[in-house]
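Sequence order for the protein chains is A and B. Going by our numbering, the final residue of the first sequence carries number 566, and the count climbs one at a time with no gaps. Going by our numbering, the final residue of the second sequence carries number 197, and the count climbs one at a time with no gaps.
Calculated directly from the structure, the hints in this document are not laboratory data. On a predicted model such as this, the values are computed, not experimentally measured, just so you know. Here a beta-carbon is modelled for each residue, glycine too, at the ideal position from N, C-alpha and C. Don't take every hint at face value.
[Said to hold, decoys possible] With beta-carbon atoms standing in for the labels, derived distance ranges:
1. G192/B / D63/A: 39 to 47 Å
2. E490/A / E167/B: 41 to 49 Å
3. N144/A / Q124/B: 34 to 42 Å
[Stated by the list, open to error] DSSO-like cross-link-like pairs, simulated, lysine-lysine; straight-line CA separation at most 30 Å:
4. K170/B / K71/B
5. K202/A / K186/B
6. K75/A / K71/B
7. K563/A / K524/A
8. K197/A / K9/A
9. K414/A / K121/B
10. K141/A / K205/A
11. K116/B / K348/A
12. K107/A / K317/A
13. K414/A / K132/B
14. K164/A / K458/A
15. K278/A / K381/A
16. K197/A / K186/B
17. K462/A / K202/A
18. K75/A / K44/B
19. K44/B / K414/A
20. K77/A / K146/B
21. K510/A / K524/A
22. K121/B / K78/B
23. K462/A / K146/B
24. K482/A / K132/B
25. K141/A / K381/A
26. K121/B / K71/B
27. K348/A / K132/B
28. K298/A / K276/A
29. K317/A / K445/A
30. K186/B / K348/A
31. K358/A / K348/A
32. K298/A / K78/B
33. K146/B / K358/A
34. K78/B / K75/A
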Amino acid sequence: MANFNIDAKKNMVYDAIVIGSGISGGWAAKELCEKGLKTLVLERGRIVEHVVDYPTMNLDPWDTELRGGLTPEEKEKHYKNIRSGWVDRETEHFWADDAANPYTETKPFLWLRGHQMGGKSLLWGKQTYRWSDLDFEANLKDGNGVDWPIRYKDMEPWYTYVEKFAGISGEALGLPQLPDSHFLPPMELNCVEKHVKERIEKEFKGRHMIIGRVAHLTQPHNGRGQCQNRNRCSRGCPYGAYFSSNAVTLPPANATGNLTIRPYSIVQSLIYDDKKEKVTGVRIIDSETNEAIEYHSKIVFVNASTLSTTQILMNSKSTRFENGLGNDSGELGHNLMDHTYRVGAMGKVDGFDDMYYKGRRPNGIYIPRYVNIDKDSKSDKFLRGFGFQGGGFRGGNPANIESFGADFKESILKPGPWEFFITGFAECLPYHDNQVTLNNNVLDKWGQPTLSIDAEFKANEKALNKQIQEDALEMLQKVGLKDVLGFDNEHPPGYGVHEMGTARMGRDPKTSVLNGFNQVHAAKNVFVTDGACMTSSSCVNPSLTYMALTARAANHAVSELKKLNL
Amino acid sequence: MDRRKAIQRTGQLAVTTLLMPSMLSLLQSCKKENRLDWQPEFLKEEEAKTISTLVDIILPRTETPGALDVKVDIFIDKVIAQTYDATEQEIIRAEIAAFNADCEKTFGNIFIDLNKTDQIKVLQEAETNSGKINPGVWGASVGEQKPIGFYRTMKSMAIWAYFTSEEIGKNVLSYDPVPGNYEPCKPLSEIGNRWSL
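For reference, chain A alone in the conformation it holds in the complex:
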């Protein structure tokens, strides 16, 4: 797939503009282009063509001089990203430049960004789960935040729609709290995982352990190859075996002939026309020439990633919207959520020393939520719930073995002990005071105001984390693991990389930014379908829901355009 149309000079007017080309932007582009709209995708970073622009996809450790190591200059460039533990030589080029794009942590918050075509869809974890009415009804039932304007039945056909195209592998369980997707065959558990699964399900009624449901192909699908179990996904996959905009949504968008993608385009603001009472286009800054340019369109999809989308809306000030576009409610920038991260337990597993595995499966196990799902599982310590990811593998750290010399060297050529871990992801409530604001004192490389992030996990999330660790320890001890160790790194929000909620959907324009079709209440030709739109956070990974919301909103947008309602 080559030759994206990047010539945005001959045409300054489009049917649709999509800001951002990550998971949700890519879907918006595909849906709008396929429905016949001339669509301009504005990408902040460079073009990354599938396969062609994956320079490290086949490198072995010894192929790079520092074998994955980064120089002090590279570490400085990624001084925030690097806290995640994910940045290395093989993926460095897919992480944003923190130095050129500063943000202020009023309270500690890790904001991970990928500034290139495809955005973080190149780097994400690929865990894909449907949300349920347990999630969509949560705010209404316990009175936190505002009610979602949609329910599972609104989403179900769109989950199916995006799953059939994206290709999601997994095992159907029939659980109401984690509805089954339209699945490709599941990946397989290894022998230790199978053992732990049997024991957990026997010892703990109502708990299940399954292979992760993932956006990895386990068989060829829509012209893409199946996963080769190299686990080098974040470098870009030569087989197109995992879902990324680059491999999956942007090529068919391009194939329609309706797509123009303009790289190096930093959206400064949306242009609101007071007389027409709608947005007529966007102002961009060319990041290479600093040139200011305006593009016009009938509709705009803002998919710049949760916080960047929020930043653009806040920076879009007009007579009508003094405090940012669509911010009549005062909720824009508020209710920032993430999932808690890296709290759980690990241990060693005896009895499988003669067994190993072949292949580096890019997936682990999942334990769906089992607390607060019904009367019997109700906790009096916290609201909402958590799920676990984890896995079993032969690990150990040979450097910790108190030995050296010839025998030691021969021994470490063999695989280490079997280990198994689980780590929880807890739901975060929407708190009005977890917020981002525009900071005019810290400007980015292009002179634009930046964000200050002021958010924290509060008592409910801490109570959930306490339960996560207690349950993790109890499960691993009870199933017979050795040297069981609990952990809680007490990460601030951001580490889960599921930031969401700062332009929430809702039924009432007085308390929300977007309506039930992701339209800005007071500027209905503007759609926000990335994480900013989320009204609550669930404990379940959100990306599949972003995909489904985007396809649903794009369908609505085209239908409304045809009815001349936009």
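Dock chain B against the given chain A, drawing on the hints supplied.
Below, chain B alone, put in the same frame as chain A:
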């Protein structure tokens, strides 16, 4: 990493060096002709020899190549030179100095000038006294990592450098860059050594 302690120990070493009879050190340097056959990017010759000797004892040549056969010492120098910032470089230098100062205090000589028996005693002592590296989950260690000390740091780097060298990674460990199917439960005897990737 305890930076303050490392720097204090450098101070102690400076005093020791000043008091050392110059004739003795001359004699010692004549005693062994173990000149480096490579040019370090960062380490000074004596520091480089310390690292070379250390990694050779940890991962010696047997029927399989040893650390020096696959240039583990040269790679460690390169990593320090190119991935450490100035402060980190200062610390590792101070730690090598402190390691040698301890050798002198206990055995009367810097590490490379000790006989093999004493060198092994030094490492046995270090194994007991060095901290352990915390386990990790998804690219970061869990819990609060306590200082692991110079020895464990070097041992960890040596094993990493050894496993990721082309000779070991391709020809000694089990190497399969494109596994294709995932086989979840396979007898170890059918695979052999640990996977290199």
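Going down the list of hints, with the structure as the test:
1. G192/B / D63/A: 39 to 47 Å: violated, 23 Å
2. E490/A / E167/B: 41 to 49 Å: holds, 42 Å
3. N144/A / Q124/B: 34 to 42 Å: Hint violated: Cβ distance 58 Å, outside 34 to 42 Å.
4. K170/B / K71/B: holds, 15 Å
5. K202/A / K186/B: holds, 25 Å
6. K75/A / K71/B: holds, 26 Å
7. K563/A / K524/A: Roughly 13 Å separates the two Cα atoms, so the pair holds.
8. K197/A / K9/A: violated, 57 Å
9. K414/A / K121/B: With a Cα-Cα distance of about 26 Å, the restraint between K414/A and K121/B holds, given a limit of 30 Å.
10. K141/A / K205/A: holds, 26 Å
11. K116/B / K348/A: violated, 36 Å
12. K107/A / K317/A: holds, 26 Å
13. K414/A / K132/B: This hinted pair holds, its Cα atoms lying about 20 Å apart.
14. K164/A / K458/A: The hint is violated at about 38 Å.
15. K278/A / K381/A: violated, 46 Å
16. K197/A / K186/B: Satisfied, since the Cα-Cα distance of roughly 18 Å is no more than 30 Å.
17. K462/A / K202/A: holds, 29 Å
18. K75/A / K44/B: holds, 25 Å
19. K44/B / K414/A: violated, 35 Å
20. K77/A / K146/B: holds, 27 Å
21. K510/A / K524/A: Holds - the C-alpha atoms of K524/A and K510/A are around 15 Å apart, at most 30 Å.
22. K121/B / K78/B: holds, 28 Å
23. K462/A / K146/B: holds, 25 Å
24. K482/A / K132/B: The hint holds at about 18 Å.
25. K141/A / K381/A: Within the cut-off at roughly 17 Å; holds.
26. K121/B / K71/B: Between K121/B and K71/B the Cα gap is close to 25 Å, so the pair holds against 30 Å.
27. K348/A / K132/B: Given that 30 Å is the threshold and the Cα spacing comes to 17 Å, the pair holds.
28. K298/A / K276/A: holds, 11 Å
29. K317/A / K445/A: At roughly 21 Å apart (the allowed maximum being 30 Å), K445/A and K317/A satisfy the hint.
30. K186/B / K348/A: holds, 19 Å
31. K358/A / K348/A: holds, 20 Å
32. K298/A / K78/B: violated, 56 Å
33. K146/B / K358/A: violated, 34 Å
34. K78/B / K75/A: holds, 17 Å
Violated hints, in rising order: 1, 3, 8, 11, 14, 15, 19, 32 and 33; the structure is consistent with all others.
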